[in-house]
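*Asks:* So the protein sequences, as listed, match chains Z and E. In terms of my numbering, the first sequence opens at residue 512 and continues consecutively. In terms of my numbering, the second sequence opens at residue 401 and continues consecutively.
Hints were generated in silico from the structure; no laboratory data involved. Any given hint could turn out to be false.
Unchecked claim - For lysine-lysine, the following DSS-like pairs were computed, each having C-alpha atoms within a straight-line distance of at most 30 Å:
no., chain 1, residue 1, chain 2, residue 2
1, E, LYS921, E, LYS761
2, E, LYS760, E, LYS556
3, E, LYS760, E, LYS836
4, Z, LYS571, E, LYS1159
5, E, LYS922, E, LYS761
6, E, LYS845, E, LYS499
7, E, LYS935, E, LYS556
8, Z, LYS570, E, LYS1159
9, E, LYS1159, Z, LYS574
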Amino acid sequence: MKTIILRTASDFLLPVLLLFSVFILLRGHYLPGGGFIGGLVASIAFVLDAFANGLENTKKLLKLHPGFLMPFGLTLSVLAAISPIFFGGQPIMTGLWAEDPIPVIGSIGSALFFDIGVYLIVIGASLTIIFTISESA
Amino acid sequence: MLIAVLLGFIFAISILVIGKFVKGKQSWLSTLIPLSLLAYFLSFIPQISKGEIIQQTYSWIPSFNVELSFQLDGLSLLFSLMITGIGTLVFAYTSAYLKGHEFLDRFYAYLSMFMGAMLGLVLSDNLISMFVFWELTSISSFYLIGFNNSSLASRKSALTALGITGMGGLLFLGGAVLLGELAGTFQISEMIGLADEITSSSSYVLIAVLFFGAAFSKSAQFPFHFWLPGAMKAPTPVSTYLHSATMVKAGIFLLLRFTPILGNTELWHSTLIIVGGVTMLYAAIHIIFRTDLKGILAYSTISALGILVFLIGLGTQEALIACLVFIIVHALYKASLFLITGIIDHETGTRDITQLAGLKKVLMPVAIAGFLAALISGGVPPTFGFIGKDLIYEAGLNWGSYTWILVGGALLTKILLYYAGFVAGVKPFVGQLPTKFENVHLPEKRLWIPPLVLVSLGVVLGFVPHLAETALIAPGIEVLMTSTETFHLKLWHGFNTALILSVITIAVGTLLYFVLIPSHKKERFIERFEVISPKNIVLKITEGFTVFSTLWTNFFQNGFLRHYVATIIGFLSLVLGYIIFTNFDLSLDYSSFSDLTVYEVAIVLMMITAILFTVFSRSRLAAVASMGIVGFAFCLLFLFYSAPDLAMTQFSVDTLTVILFVLVLYRLPKYLKMSKNVLRIEHGVLSIIFGALMTILVLKVLQEPVNAEITDYYAQNAYLLAKGKNVVNVILVDFRGIDTLIETCVLIVAALGVFGLLKLRLKTRDKK
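Bound-form chain Z, shown alone:
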């Protein structure tokens, strides 16, 4: 499935889609979106790239195996979940929020880091599954 049109388009689509996935991730707290959907969009972006340029090239682009994203994401989520213990001994999963919102990103809080963790896990898990299956099929 190596058509020139798709290949050319995917070169532009990959960064745009990734940016879009981050956008979906960040806006999740106020509007439809969130880590799970963002992660799925990002993995679709990579899968599209793999379709256009071949799996090997996408893997080269990623440098690391996508599976490595999973432990990072999980660590981030768990840290975000247990962080309230270290800030005044509140129960885990208590929402912690910075006082002043940051431009573009918005309010920063433990829930955001939790969602980023979910985002990374979803990318890692879905790409691992798809890459593994397409390699062995």
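Keeping the supplied structure of chain Z fixed, place chain E upon it in accordance with the hints.
*Replies:* Chain E alone, transformed into the frame defined by chain Z:
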């Protein structure tokens, strides 16, 4: 006291770090652990003998009423001293017995874990923590029996023992929960005051039966006894420690501990007397037919445990005193006989009693220990064993009804136990020394001093019984009985029936020793009855289970994915159909439905077309793509019903699913017609039925009154508590964040599973 209990576990874990050291020349240093515990518990004797009870409580899981509360009284002190005392000797003995063994460090870890668990068990005042320690003893026993894990027989015995004692543990848990609910507390010391209400309540019978099951399986009572002879596959120090002196007495301990609470009923007395009586006779008769020294000792241990249960069943003060004394006596002589057997096995390489003789020439100190152990075991005066045996007869004589049956049973058992003690403790040492054993030499001190220590204690206590009486027996009895009379242990009770019975025991036992020579012929004779033994019956049942589960699995898990899916859906349809057509009113209130819109009709038509196309398509890729259309149509529906989050997720998931399918199917050969038409129709009908049922269900759900409390709570508090305006996302990352965390873990496990399965297969293919 918490530290005392945990010390064993701490040592077991620290083996990970200091394992090399424990394995090496300094292995005897680990003896210091039980020794220090022994000293610690000995220091309580003055307080306990004054009648004090020491209680210490540590909070563990307060929300479930589970506390680590320990109670040191006469009963638990007796057991603690036995555990740490024999533990000290066994630890020392092991350092020589398993010298240089590859896994000596592991062995010590299991052994000290067991010691900690056993101490926790006897000291616990909380039923739940007692259960936890009870299970821990079973588990450490499993590891110790299977210590020679390269031998199939060892592994099998370990599994049998774990199965039986684990089942007992389950019964214990059931009994404990029931009893705790009934009494309103899990503290054993608080239940004693409620004894009357507990015994008269309707669930008493169930509680008692569950506790009986637990105690009988742990203490190897008929018909659960068969795991104990199997457990003799363990190295001898284990048999000494767990399977004669301490762990098997956990069941006895349980019965004693609950005597003041559950005892004093007809059910309690008669069950224990019958089961204990049957066990002691059954096992005692088995002794005659054994030739393996450890086999003889195993059966005599079962028989002794039977006596103990029998005495608890009698339940009079005399019987309970006899029980406590016999626990000490038995621990002293049986542990030393096991240790002696271990030495013989270690030095000569055999435990076959028909081959062993004349070893006293080469193993003199061991022979002395063996001879004294036999005397204590036989209850020959002036040893402590004599006092124990005398008390047993008196307890039987004074019980009132069925006196002669009870005493007759006890007499026969004691005679056979006398015989067993002499066969194990005397026979290997007397007679002509076979030439092949002439090179046997005395092993190092750490092996033969422990049994000598034990037997000398047994002899000394015979002369000064009041030592044991004031320190252990009297405080112990006070825990067991509500009102006690004063009593004194003494060697000489005057000329009475019990004395005559004692004389008969010794005379007939000695006669038996000379007449009944153990032989392989006798062993083969008893093996013919193996078919009807409880062991065989249980094994047959387990085999039956295996056969059944194989058949069951092969039927349902035949390797065809479509078969699995059809089974699941078929089963669900049956259950759903049954509920819907029996309990539901099938009429629907159409007025509550909103009007159809053009969009909805269009989407549904799109779906139906896509589904029909999927079913009748001749190309795989086309089928998958049209499946994707169904999914996207769903996304549209979600959008119309204002669920954009759901729609977006469904959209991405569907895209990825189609991609996945395409990736896999792309390489497959052209679409072949794999299934027969009949099967296709069958599956089609099943699908339609299931779909119809689900539709009815969903329609019915819509008509149920909706509880909007949770929805309102989330809607109102999403911004207040979690600073988010998108309620769905707030639920995901905040309100139900733990759920999300666990779901992501599931996702990771799935990804790793796919990766592992496929990559593993790739590698093996590469190898070829």
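*Asks:* So, for every hint listed, does it hold in this structure?
*Replies:* Against the structure, the hints:
Our distance criterion of 30 Å between C-alpha atoms is met by E:LYS921 and E:LYS761, whose separation comes to about 29 Å. This hinted pair does not check out: E:LYS760 and E:LYS556 have alpha carbons roughly 36 Å apart, beyond 30 Å. Restraint check for E:LYS760 and E:LYS836: the C-alpha separation of about 14 Å stays at or below 30 Å, so the hint holds. As the CA atoms of Z:LYS571 and E:LYS1159 are separated by approximately 19 Å, the hinted pair is consistent with the 30 Å bound.
Taken as a hint, the E:LYS922 and E:LYS761 pair is honoured in the structure, with Cα atoms around 29 Å apart against an allowance of 30 Å. With a CA separation close to 13 Å, the supplied pair E:LYS845 and E:LYS499 stays within the 30 Å bound. Restraint check for E:LYS935 and E:LYS556: the C-alpha separation of about 13 Å stays at or below 30 Å, so the hint holds. For the proposed pair Z:LYS570 and E:LYS1159, the alpha carbon gap of about 16 Å is at most 30 Å, so the pair holds.
Under the criterion of a C-alpha separation no larger than 30 Å, the hint pairing E:LYS1159 with Z:LYS574 is consistent with the structure, at around 19 Å.
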